[in-house]
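Colleague: Single-letter residue listing:
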Amino acid sequence: GENVEQHPSTLSVQEGDSAVIKCTYSDSASNYFPWYKQELGKRPQLIIDIRSNVGEKKDQRIAVTLNKTAKHFSLHITETQPEDSAVYFCAATPSINNNDMRFGAGTRLTVKP
Amino acid sequence: DTEVTQTPKHLVMGMTNKKSLKCEQHMGHRAMYWYKQKAKKPPELMFVYSYEKLSINESVPSRFSPECPNSSLLNLHLHALQPEDSALYLCASRGQGTETQYFGPGTRLLVL
Chain U
3 GENVEQHPST LSVQEGDSAV IKCTYSDSAS NYFPWYKQEL GKRPQLIIDI
53 RSNVGEKKDQ RIAVTLNKTA KHFSLHITET QPEDSAVYFC AATPSINNND
103 MRFGAGTRLT VKP
Chain A
184 DTEVTQTPKH LVMGMTNKKS LKCEQHMGHR AMYWYKQKAK KPPELMFVYS
234 YEKLSINESV PSRFSPECPN SSLLNLHLHA LQPEDSALYL CASRGQGTET
284 QYFGPGTRLL VL
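Chains as they are written, first to last, in the numbering used here: chain U, 3 to 115; chain A, 184 to 295.
Rather than coming from a laboratory, the hints here were simulated on the basis of the structure.
Check the hints yourself; a few may be wrong.
DSS-like, lysine-lysine: derived pairs with alpha carbons at most 25 Å apart [as the list claims (entries may be wrong)]:
hint : chain 1 : residue 1 : chain 2 : residue 2
1    : A       : 221       : U       : 24
2    : A       : 202       : U       : 44
3    : A       : 192       : U       : 44
Okay, the calculated beta carbon distance ranges per label pair [as the list claims (entries may be wrong)]:
hint : chain 1 : residue 1 : chain 2 : residue 2 : range
4    : U       : 17        : A       : 236       : 43 to 53 Å
5    : A       : 191       : U       : 80        : 15 to 25 Å
6    : U       : 60        : A       : 203       : 38 to 48 Å
The beta carbon of each residue, even a glycine, is placed where N, CA and C say it ideally should be.
Just chain A, with the same shape it has in the complex (with noise of 0.2 Å):
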């Protein structure tokens, strides 16, 4: 398997609502991203995983947290959102050795 997979592909959510999107990959990469792309814009670095251990976090709003159960699985739960969360959010892994991140499809999210 060598492709980052992401879960769900569309959501929509109301700001009470609680949601969790999913990314998984199978290539062994031990480092792992969530990136936030606005329309017409360049992905914005949310959280960085290394070794299942938070190593970046760039100030993102306490309503986003991120999870990683284990080295192939990295969810980032939603709670509260505003209708300006309205992006696609995109996963990423890095093998070791290497700084080529490769990015799953993405889900992209609209807050009602």
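Okay, chain U solo, but in the shape it has when bound (with noise of 0.2 Å):
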């Protein structure tokens, strides 16, 4: 079945720096990859996703890349604001069974102001 690996576990920056994330997969049949945000004591939310006909994807401080050759994919948040603070958690489903995602093991970010 998918492994997902997700590095670093923790992440402290500054506000106003960049935060990067990387996961890697190893099943190379897996075609969808979300990132969810998950604030303390509440539900994962859906951030930003990336399916595997493409390489990069934007949305305003946040960006997903994906290297399919590789087997990994990145989350980027840039201008960190305190609010980003939480645990962020990759995952990747595989096409043959889009039921079965799998998640990495999570990374704490911290933003101090």
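Once you've looked at the hints, go ahead and assemble the two chains, each given alone in its own frame, into the complex.
Modeller: This is the structure in structure tokens:
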């Protein structure tokens, strides 16, 4: 089955700096890669996603890049703000069974004001 | 209605109790999921229902029993749980032709 690895496990940045979180996946059949943000005590919320036919996607301060050959994808947050502090999970879904989404271990991002 | 809702928000139960968690969505989604999330860990898939039929059971102990009475409702029946079953139980749903799963707020379960 799919195995998703995520790094780093914790990340601390100064407000206004950029943050980058990286994930690798094992199943070359995976074709959908969402990123979820989970604040303390809240539900995971989708912040951006990318499909395997696209190399990069941007939404305001958030961007995701995908390298299918290397089987890795990254989340980039620019001009970080304290409200970006949360746990971020990457995930991968295989095309064969798009019910079988697997998560990375998560990255706790802290943005210091 | 564009949300997944879950009740109750919090639940405390003893090891001999029987309780149920409820999840509801009115977005017409035909795939619904139960996940278990322990503190500082990612959500772990437990069950998947597709068109009201159980399609994935991730080797979950029989003390957890899912039920999908209709396309909008998903239940998780709990019986004889162990303290290690204490966790946040998340429900999610997915629309046809999309891969995106939308999560409910979860039920925080404590087993004493």
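Colleague: Look at each hint and say if it fits the structure.
Modeller: Here is what the structure says about each hint:
Between residue 221 (chain A) and residue 24 (chain U), the direct Cα distance comes to roughly 22 Å. Compliance with the 25 Å bound is thereby established for this hinted pair. At roughly 22 Å between alpha-carbon atoms, residue 202 (chain A) and residue 44 (chain U) fall within 25 Å of each other, so this suggested pair holds. Distance check on the hinted pair: residue 192 (chain A) and residue 44 (chain U) sit about 11 Å apart at the alpha-carbon level, within 25 Å; holds. Range check, residue 17 (chain U) to residue 236 (chain A): about 49 Å between beta-carbon atoms, so the 43 to 53 Å window is met.
Taking 15 to 25 Å as the suggested C-beta distance range, the pair residue 191 (chain A) and residue 80 (chain U) does not conform, at roughly 39 Å. Between residue 60 (chain U) and residue 203 (chain A), the C-beta spacing of about 43 Å keeps the proposed range 38 to 48 Å intact.
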